[in-house]
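For this one, chain A is given, so just place chain B on it according to the hints.
The listed protein sequences derive, respectively, from chains A and B.
If you count the first sequence from 1, position 173 lands on 173 in the working numbering, and the numbers rise without skipping.
If you count the second sequence from 1, position 189 lands on 189 in the working numbering, and the numbers rise without skipping.
It cannot be assumed that every hint is accurate.
Sample of chain A residues facing chain B (criterion: CB under 7 angstroms; computed from the structure) [claimed, not checked]:
| hint | residue |
| --- | --- |
| 1 | 98 |
| 2 | 99 |
| 3 | 102 |
| 4 | 106 |
| 5 | 107 |
| 6 | 110 |
| 7 | 156 |
| 8 | 163 |
| 9 | 166 |
| 10 | 171 |
To be clear, the hints were calculated from the coordinates, so they are not data collected in a lab.
Quick caveat: nothing in here was measured; it's all calculated off a predicted structure.
Glycine included, C-beta positions come from ideal geometry on N, C-alpha and C.
2 protein chains.
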Amino acid sequence: MAREPHLSNSSSLAGRNCLVLGAGGFIGTNLCHRLAGSGATVLGFGRNRKEDTFAGSRIDWRQGEFRDSSTLARAVEGQHVVFHLISGSTPESSNHDPAGDVESNVLTTLRLLDLCRSEGVERVVFASSGGTVYGVPQTVPITETAHTDPICSYGIGKLAIEKYLGLYKHLHGLDSVVLRIANPYGPFQSARRRQGVVAAMIRQALDKKGFEIWGDGEVVRDFLHIDDVVNAMIAAAGFAGPARVMNVGSGTGLSINRIADDIEALIGRAVPRTYLPARPADVPVNVLDISLIQRELDWKPRISWQDGLARTVEWARA
Amino acid sequence: MAREPHLSNSSSLAGRNCLVLGAGGFIGTNLCHRLAGSGATVLGFGRNRKEDTFAGSRIDWRQGEFRDSSTLARAVEGQHVVFHLISGSTPESSNHDPAGDVESNVLTTLRLLDLCRSEGVERVVFASSGGTVYGVPQTVPITETAHTDPICSYGIGKLAIEKYLGLYKHLHGLDSVVLRIANPYGPFQSARRRQGVVAAMIRQALDKKGFEIWGDGEVVRDFLHIDDVVNAMIAAAGFAGPARVMNVGSGTGLSINRIADDIEALIGRAVPRTYLPARPADVPVNVLDISLIQRELDWKPRISWQDGLARTVEWARA
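In isolation and in its complexed conformation, chain A is listed as follows (with noise of 0.2 angstroms):
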C-alpha cells in the first residue's frame, strides 16, 4: 500500500523568514532565487559582495564571516527556517589540515546552533554530503544505513555535524533535516572553485585547453540537477515527517570519462584528456539509493542528465 508523504502544503514557505547560509555559493544561489520565487522572505548570507547576485530579486544579502558570531547572530533573528550550506574546505583541501578543518566547520556550526536554539528557529536544513560521509561502499547504490567511513576530514565533519544536529534535537528540541547531497551540477556553479568536475569540464572543453581527469576516469559518481537539489531542500523545509537523514541523488552513476564523452558529444568535437595520479579522497564509487525520499518527501529526480548537461552547457557558453 503507497501511503501519503508527510508534507506540509507546497505553499507553507511564502511569508516565512528564510535564512540561506552560503546564500554566495552555488547551491545557496539557486536556493535563494527559488525561494523568493516561493513567496519566502529571504535572507542570503555570504562571505562576499553579491549584491549584483541577487539584484531587482527580493533577496535581502547580508555580508559576512561564517565565524563572526555577531553577525551571524543577527542574520539568524527571526528566522524560521535556516538552510545551513556553509562548507570552509572541499573533500580534497580538508585533508591538507583536519583540525583547520575542524575548527572552520563543527565549531562554527555548534556556534549556529546554539543561536538556532536561543532564537526559536523551527527548523534547520544541513545539507551534508552523500559523496563523502560513506567514504568507500560495500555495495551501491548506498542507503542512509551504510556504514560512514569517510576517506577525507570534509566527510568527518559532515557526519559529526550530522550527530550535533540529532543531539540538539534531543536535548534541546531543535528541529532539523539532513540531507546527504550526491555530486550537483548546475547554473552558478563555479569552475574554478574546484565546486564540481561537470562545471570544471565545460569549461575546460570550452575554452578548448582539454579535459584534466584525476585518476583514470573510471570513478563512478552520482551527478543530480541543481533544480532537483533545490526542490529537495524546500520540501525538506516543510516535511512533517520523522526521517531526520536522506540522501539526494539521482540513484544511476557516471563514469568521469562518460562525461567527457557527453560533453563532447554536445559540443560537437574531440576534446583532448589529460589522466592526472588519483587523489586520495576519491573513493571508487559513490551512487545513492533514493529510496527513502522518493518516499518520504514525495520527490524524484526530474531532470534528466542529457536535459541537465545540455541546459549547463548552454548556461555556461552564455
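Only chain B this time, still in chain A's reference frame:
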C-alpha cells in the same frame, strides 16, 4: 570451522616502548601496572602528579596537559605503541559545552595523530565508548555495525576520533585499533570524579550516605571488570587482523537497582535509596555484543560480576 585468532604472540609488548595517555586515570593506572609487569617499557602521561601511584614500579611518569603540544611531542618520541585514554569530559558534562568538548578531545587528538605519524608510532589503541557512541539502541546486545546516534557530545567526539583514526590509516598508514568499552569498574576507579556508578555506589554504601540513583534505577548497563578491559587493550596492541573497531563488554546487562541489591548483599545491610531526576545523556539500556572481539582477539571476560564486585568492595574498604 573455528579459525585461529589473529594474534601476535603474547609476549609481544616485552621490551616495547608503550605510552599511556591518561595514565593517572582509572583505566590508565591499571593498564600501566599490567604493561610494566609484562616487561614493556612504560611511560605514563597525565595532568596530575602520580609519582606516588607508580613509586617502586618500572613506570616512568610525565606530567603534562594533553593540549600542550610540545610536552606531548616529547612523550610520543620513540614510542612503539600509544594507548590513548584521555578524555576532557564526561558524557553528562560534555552536553553543557559541546564546542569545548570538541576542542579538548577531537582537536587535541588530531595533534596527537600528527605526532604519531611523524614519530612512526606502530599502533594507536584508542579507548572509545561503547556506552555512548550508539545512543539509544534499536536492539540489544549492540553490534559494532549498529546505528551510532549519540545523545551526548562525549559520544560524538569519540565517534569523530574513531573516524579520524580510519582516515589517518587510509591517508598515512597510521595503524590503530578502536575499543568501544562498556562500563568498566574495579580498583582505582574514583568515586568522586563521576567516573563510574559502581565506585560511586560502593562509596555511598560504605560511607552510609545512602544510594543516589539518577532516574528510576531501571536503566541497564554493561559492566566489565577493569582487569578484563586491560586484557583487551593489551591484546589489541598485538592484534594483527583486519578488524579496526571492536566492542569490549561483558555481553550482559544489569540494572542500577540490581547493583544496589548486590552491594547491599555484600556489605550485609540495607542502604537507603534516593531517586533523582533522570539525566538527558542517559540511554535506557546499553549492552554490547562481544562476538567480534571474542573471535578476533581470543578474548573473553574472565571475572564474573559477583566476584568482581566483591573484590572491588574489598578494595574500597582497604
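Would you list, in rising numerical order, the hints stated earlier that this structure does not obey?
Violated hints: none; all satisfied.
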